[in-house]
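The chain contents come next:
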Amino acid sequence: MAKTHLTFSLNGRQRDDVVPDNMLLVDFLRETAGLTGTKIGCDGGECGACTVLVDGSPRHSCLTLAVTMQNRDVETVESLAENGRLSAIQRAFHEQLGAQCGFCTPGMIMAAEGLLRENPSPSADDIRQGMASNICRCTGYVKIIAAVQTAAAELGK
Amino acid sequence: MEYLPTLHVHRPATAEEAVAVRANHASARYLAGGTDMVVNIRRGIEQPEHLIDLSDIEELGGIQASANGLRIGAGSTLKDLADDRDIRRVYAAVSEAAESVAGPTHQSYGTVGGNLCLDTRCLYYNQSEWWRDSNDFCLKLKGNVCHVAPGGSFCFAAFSGDLAPALMVCDAEAELLGPDGRRRTPLADLYRDDGMDHLTLKAGELLVAVHLPPPDGDGGSGYAKSRVRSAIDFPLAGVAVRLGLSSGKARTLAVALTAVAPRPHLVEGSEELKGRHVDDAWLDDLRDLVRAQASPMRTTTTKPWYRRRVAGALAAKVARRIAEG
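Residue numbers (numbering that gives the first Met the number 0), protein chains in the order written: chain C, 0 to 156; chain R, 0 to 324.
In isolation and in its complexed conformation, chain C is listed as follows:
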């Protein structure tokens, strides 16, 4: 089994691991790093539940080999809360009922995080387009869009 010495930043902390070359990033996050916020939904890049940010851009961790993250900066949903206080996007999802069953929520929140960093005041259409890689099986999209709008307004204050 080929392994690689992997050094990268995970949620702002430097990691130093020996990782099998065939390990997916999502498995590394969940099994090795114990960060189970990132979900495995479809296993094929079709649902977005596994979305994380790599160097600030959204990426499917189920289609990414962990060893290709060498020297890169990975952020998961666990990075957002500070000292136990939810981030504006997390709070908005909570308050606007943006989560139903909640399974797509970590991916939705990371996609929204990526979107708002690039476009701090998106229109409803920008949000629909910017989060079109994420599927909510409860089909609760109206509340999800409202949550992102609420977060954008909050962050813009």
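No lab work stands behind these hints, which were simulated from the structure alone.
For clarity, every value in this text was computed on a predicted model and none was experimentally measured.
C-beta: ideal position from N, C-alpha, C; glycine also.
Any given hint might turn out to be false.
Unchecked claim - Computed footprint of chain C on chain R, listed as stretches where at least three residues anywhere in the stretch have a Cβ under 8 Å from a Cβ of chain C:
id, stretch
1, 2-11
2, 43-54
3, 98-107
4, 225-234
Position chain R relative to chain C; hints supplied.
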């Protein structure tokens, strides 16, 4: 969940090094974004023992403008392409194609090279190992029968990349690096009409960049596609049109199709539409010309007749949009 085979990941620093690694390992595959390659590996369609991760290679990145036109590194992401103002202004079809691929997350790490070298797709091929096994596999992989056209020995799996037709109507060239050195070829020549072996790349060759010539005068271009959902899905049909106008008449015209054949291809016979006034009758003729040359097979759950009809309608729609400015 399907597990990945045991494999070695290589991280070459230069394109030459990547080609050398490939030459040393027969089963090696290049890995760029991985939006399609990793899915195929997980489904047992690809079983490489070696993967060559291209993300560290500087030469593959960047979009550079010069007097000779534009050089787009094959490692540029689809988002890089969609966000580039020069491309949006001058080669609108390319921007529109880039931002129509899958969804925004895929675009943020899927690459130009990956989209151009995308494997062909079919209902009977892009399935899990057990699904294909229970169906006695298919002609394209491990099987003897084409379930799309039983009895035949031709694979109809459709090429489904969006960028290729858009770049083809803009006269793009591909820059390739192989064990024998570098070469340039018209992008259209990168493909052949064979779902099992649709790329004309020589053994171990790597797509390094795409070159676009400066645009010739006025006119514009555009791309449109049809798909089941408006995000994530691959196209049922995709059409790129470049149309140059002079006083309301078609001066130049190029049309290319994707997702309706094993390769993206330029529509032939568009000369007859040149010199004529671009009006409703002209748009109808363009639509019919495209329909006659779109030959989708039963490779998706959507019926071929619909894909053929929608290809024509999309061509007319894009041409009308360009003509109306």
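Cross-check of the supplied hints:
Closer than 8 Å: that is the beta-carbon criterion, and the stretch 2-11 of chain R has 8 residues meeting it against chain C, so the requirement of 3 holds. Coverage of the stretch 43-54 of chain R by chain C holds. Counting CB-CB distances below 8 Å, 3 residues qualify, and the rule asks for three or more. Beta-carbon proximity to chain C at under 8 Å applies to 6 residues in the stretch 98-107 of chain R; the threshold of 3 is reached and the given coverage holds. With 3 residues having a beta carbon nearer than 8 Å to a beta carbon of chain C, the stretch 225-234 of chain R meets the requirement of three or more and the stated coverage holds.
The earlier numbered hints are all upheld by this structure, with none contradicted.
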